[in-house]
Each structure stands twice: as structure tokens, then as C-alpha cells.
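Protein chains in written order, with my numbering: chain A, 67 to 181; chain B, -5 to 110.
No lab work stands behind these hints: they were computed from the structure.
Be a bit skeptical, because a hint or two may be false.
In silico lysine-lysine, DSS-like type, Cα no more than 30 Å apart, as pairs [said to hold, decoys possible]: (1) B:51 with B:8; (2) B:3 with B:51; (3) B:51 with A:115; (4) B:65 with A:115; (5) A:115 with B:8; (6) A:124 with A:135; (7) A:115 with A:144; (8) A:115 with A:135; (9) A:144 with A:124.
Just so it is clear, the structure is predicted and the values come from calculations on it, not from any experiment.
Read off the chains here:
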Amino acid sequence: AQSVTQLDSQVPVFEEAPVELRCNYSSSVSVYLFWYVQYPNQGLQLLLKYLSGSTLVKGINGFEAEFNKSQTSFHLRKPSVHISDTAEYFCAVTRRGGGSYIPTFGRGTSLIVHP
Amino acid sequence: NAGVTQTPKFQVLKTGQSMTLQCAQDMNHNSMYWYRQDPGMGLRLIYYSASEGTTDKGEVPNGYNVSRLNKREFSLRLESAAPSQTSVYFCASSEGRTVTGSYEQYFGPGTRLTVT
């Protein structure tokens, strides 16, 4: 079984400040890792993913995440946020080699960007 | 390319009524999923279909049924709605087993259901 913990339910930040959204996971097997973003009243869309290779992954809208196997973490970062980044962010893991690649989602982190 | 579409967008039901939520994808994906989203709970998997012709229970299947009508369509049915089923429902699809390395899910816009 696998689980995902998003350590902050809400992260308030001022525009143009840097931000880090934290995600830790536990799994007895290797996993694929994802971050999704959900804007108000919309479905989720993929922000970035880690499958293999370089542990630093770049995604859309200037976001990046770093896979740390020893700390079982996959934190999301952006050096300078915009008002338009206000949204809910979900971390997810999928077991490698699984039959149907069903992800386990964290409970989400609400990023609130203030002017 | 519409991606994943869901109907209806909004629905209000009385306790005991039934309804079917429709989902369709045009990406030729093998796997489809139904989730519910409640405040502070993240996404919880209701049912999924790994491939056409198969369906399996997820984390919270009670009170729901599904039908994988064909490769494109996956419907969710509430036989006797209860207030506890008030939620936002999302359909998603993914390639499933793949050699292309694409394991992410694609989500529909959601159905907001209120049961009174």
C-alpha cells in the first residue's frame, strides 16, 4: 500500500515571493510521482511528473519539483508566484509496474497568493 | 479534441432518487476512473475500469454502480441518492498499461451534485 501526505493544508504567500508545497509519500515499492493543479470550479490538470532520470523535474507555469528518494519527498517549488497561481495543488503517487496505475492522492494544499 | 467530458455539470436530487452521471473521453485511453471530491478529503476513488469490459471497486464504492459502455464511455449510477453523496464528482482517464511512459490522468470538469 502507498500513502501521500501533504504537510500543509493552506499556504498563503504574497505575489512575487517564492513558494514550496511539501509532499511526502510512503510505499514499499518504487513509484511514479505527480503534481496536479485544480483551479476554482475546474477539474485537475497535470503540472509535472517524475518517472525516472533527473530528480529535478520542470513543469508548466514555472513550477518545478525535486524527487528525494532517501527522504521520500517530492516538494513543489516556484521562485516567484503570481495571483493566477492561486489554486489547489495535489500530490499523487502511482506504484511502478501496477496493473492499472491507480494513483493515491494527497488531501491537497490550497495556495493563496495575495497582492 | 474535447478530452474528457462529463454531463450534467450540476444536479440537485431528492433523497431516494436515482441518476446516472455520464463521462466520455476521445483520447483512446484504456483506463477510466470515477472520483468524488469533498472538502479536506482530497480525491477518493469510487470505481475504475482498467480496460474495456472490466470494472473494479475503489475506496468508496458503496451506493454506486458503474458501466463501461465501450472504450469511450464510463457512467456512474446512484440508485438511491443519500445526502452523504452530496459531492463533486470527477471522471478521469489514462492510457493505463503503456509502453510510451504516459501514466498521468486526464480529468473532466466535474459534476456538482446536491442531495436534499
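Evaluation of the provided hints:
{"no.": "1", "hint": "B:51 with B:8", "in the structure": "holds, 25 Å"}
{"no.": "2", "hint": "B:3 with B:51", "in the structure": "holds, 24 Å"}
{"no.": "3", "hint": "B:51 with A:115", "in the structure": "holds, 26 Å"}
{"no.": "4", "hint": "B:65 with A:115", "in the structure": "holds, 26 Å"}
{"no.": "5", "hint": "A:115 with B:8", "in the structure": "violated, 41 Å"}
{"no.": "6", "hint": "A:124 with A:135", "in the structure": "holds, 17 Å"}
{"no.": "7", "hint": "A:115 with A:144", "in the structure": "holds, 15 Å"}
{"no.": "8", "hint": "A:115 with A:135", "in the structure": "holds, 15 Å"}
{"no.": "9", "hint": "A:144 with A:124", "in the structure": "holds, 10 Å"}
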